[in-house]
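In the numbering used here, each residue carries its 1-based index in the sequence shown increased by 3.
Because the hints were derived from the structure by calculation, they are not lab data. Keep in mind that the hints are not guaranteed to be accurate.
[Stated by the list, open to error] Capping the alpha-carbon separation at 27 Å, the derived lysine-lysine pairs in DSS-like fashion look like this: (1) Lys238 - Lys311; (2) Lys253 - Lys512; (3) Lys364 - Lys512; (4) Lys396 - Lys512; (5) Lys311 - Lys272; (6) Lys253 - Lys364; (7) Lys174 - Lys309; (8) Lys364 - Lys311; (9) Lys238 - Lys512; (10) Lys238 - Lys288; (11) Lys273 - Lys311; (12) Lys232 - Lys253; (13) Lys126 - Lys311; (14) Lys232 - Lys272; (15) Lys158 - Lys206; (16) Lys261 - Lys309; (17) Lys238 - Lys272; (18) Lys288 - Lys512; (19) Lys232 - Lys126; (20) Lys139 - Lys272; (21) Lys139 - Lys253; (22) Lys364 - Lys139; (23) Lys158 - Lys356; (24) Lys396 - Lys309; (25) Lys309 - Lys273; (26) Lys126 - Lys238; (27) Lys158 - Lys174; (28) Lys126 - Lys206; (29) Lys126 - Lys356; (30) Lys364 - Lys396; (31) Lys364 - Lys126; (32) Lys288 - Lys273; (33) Lys139 - Lys158.
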Amino acid sequence: MAAVVLSLLTLLAAQRSLVQSVGIPYARDVNSTYLPYNPRPAPAYMVDNQDNYYHVAPDKGKHNGPVWSYSGSLDGYLSNLQRGYVLRGGYGSYNGTSNGTRQTSLTFPAQKLQSSSDYWLSKLAQLGSQPLAGGKDYQFFRNVVDDFGADNSGKSNTAESLNAASASWNKDSVGGKQTRCGQQCGNTFSQGAILFFPGGTYKICSPVIQYYYTHTLLSGGVDLWATGKRYNGDKESAETGTVKAPARGKGLNGDDGKLYMRSRPQYEKKSPSDFLVATTDGECKNDASGDQASCINDFLRSAVDKGKIAFFPAGIYAVGSTVHVPTNSVIQGSSWSQMMGSGFYFSDMTNPKVMVQVGNKGDIGTMEITEMLFSVRGATAGAILMEWNVAAKSQGAAALWDSHFRVGGALATHHLATCPRFSNNAACIAASLLFRVTPQANGYFENVRAWVGDHDNDQTIVNQPDSSATQISVFAARGMLIESQGPSWFYGGGSEHSVLYNYLLSGAKSVFMGHIQTESPYYQPNPRPPDPFRAGTRFPDDPDFSGCELAAAVEGRPVQLRVGSARD
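Turn these sequences into a full structure, and let the hints guide you.
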């Protein structure tokens, strides 16, 4: 073994000498200006690929951000935009002669005609805001044609327009003003943006860089494929490749004999008049102030009574008591419009209270909730973020799409300073349960994630050697509790960092779960589960960390997925 270690050290030393001999800074070289924990620039010997026609191959360091082939920089593009024109190229074929850069006026009538759209989102999304972005001049809604001069005729390369829409603080941020959260930021929950693409064709000849927390819709998909361990009862197998579908419970298949699926509604045939708006019609505040529960309850009842879609413009709606979502509601958020519970009402873990109650027990009807975020702030140890009570009157008629549960890990949650990693502070006990589907209820749940913050996602770690500097210790007892008698579908979800369990099926029937993901809390085993909670206080089938779950207790980890008396 000593000889092997010596040989490895010799090899590493030789590698270091070779790297230094050709003038490339070694990662640990004290003379290097590059820190070992940052992205390295391209080495000097890297050259363009052959026929690098649009100048976007890895070319001496330009691969760490957008390529500005025509305007030279983001600032150059926005400066031209303010003057009423943009520079574009890419007009001809690969070997054509008409690919030169052209100046395009944005006041030309055809340009304005291209941007016209009657789709409801183009009107209502503009009412949203990001109250914690860092400035009132931050632009949330970005029409890539109207605001940033994109070409949706398909005739020219419009990549610079799309990169400007994605990166800039606002369309007027010329002269080195702040950009959105990108390379020098690392992550964010507070600088969201919607990039709205009016109908048309967008020709892209160089990469469009996706900044953090940007809503972009693409077409396409993949077949079912998986890699990892597969369990059937107490039998385990390792598999990689296409997945053979297991036997399915009653009602899980559609009319075509395949697993039932229902894409999120786009309401593309609806106009703005088909919506009620929480901030204008309901006069509810979305700036994280006050207690908006009563206002939201009145607004939701009004929307159902009038047969309207309840639209929540982007922002934070603080609530201090239960929000009641009537059965037959249709709710549409915007870039994860956020309902945030806080206050004394949610503080007692021995007497948990529901933050958002969807329907009443025994209700049968419809429900559509899309693009919402449910969170808490401060010490809310007794919070149940959502209780789902409605049963669908027809297959898939009660559904939740692209909506998430978040505990901690963001601005305004008051956890970074109070709950640093490895602390054990009662003020950091933030939830009893994130999401519950009760026994008489069922539903269709697609892209629904329950996340307990293991780090503060609005704090940057750029230029910090310790990537765990923003980690926090926030405690939530349970992730997702599913008691549904079916049929229920869970597509593309996750549940992370709860203390007792991430997923629990208790007496459930006819439940399909496809692509579920879990993680243990990073602070465990300090403390070990069930601390700081006590199992079995009010919720069924809490693990007691004995028997087959003893190993989890010894390791100080939660139960990731527990199936108790469930079938089909």
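Consistency of the hints with the structure:
no.	hint	result
1	Lys238 - Lys311	violated, 50 Å
2	Lys253 - Lys512	holds, 9 Å
3	Lys364 - Lys512	holds, 18 Å
4	Lys396 - Lys512	holds, 18 Å
5	Lys311 - Lys272	holds, 14 Å
6	Lys253 - Lys364	holds, 22 Å
7	Lys174 - Lys309	violated, 37 Å
8	Lys364 - Lys311	holds, 23 Å
9	Lys238 - Lys512	holds, 21 Å
10	Lys238 - Lys288	violated, 53 Å
11	Lys273 - Lys311	holds, 10 Å
12	Lys232 - Lys253	holds, 26 Å
13	Lys126 - Lys311	holds, 16 Å
14	Lys232 - Lys272	violated, 44 Å
15	Lys158 - Lys206	holds, 7 Å
16	Lys261 - Lys309	violated, 36 Å
17	Lys238 - Lys272	violated, 49 Å
18	Lys288 - Lys512	violated, 40 Å
19	Lys232 - Lys126	violated, 47 Å
20	Lys139 - Lys272	violated, 33 Å
21	Lys139 - Lys253	violated, 52 Å
22	Lys364 - Lys139	violated, 42 Å
23	Lys158 - Lys356	violated, 57 Å
24	Lys396 - Lys309	holds, 20 Å
25	Lys309 - Lys273	holds, 15 Å
26	Lys126 - Lys238	violated, 54 Å
27	Lys158 - Lys174	holds, 23 Å
28	Lys126 - Lys206	holds, 25 Å
29	Lys126 - Lys356	violated, 36 Å
30	Lys364 - Lys396	holds, 14 Å
31	Lys364 - Lys126	violated, 36 Å
32	Lys288 - Lys273	holds, 25 Å
33	Lys139 - Lys158	violated, 36 Å
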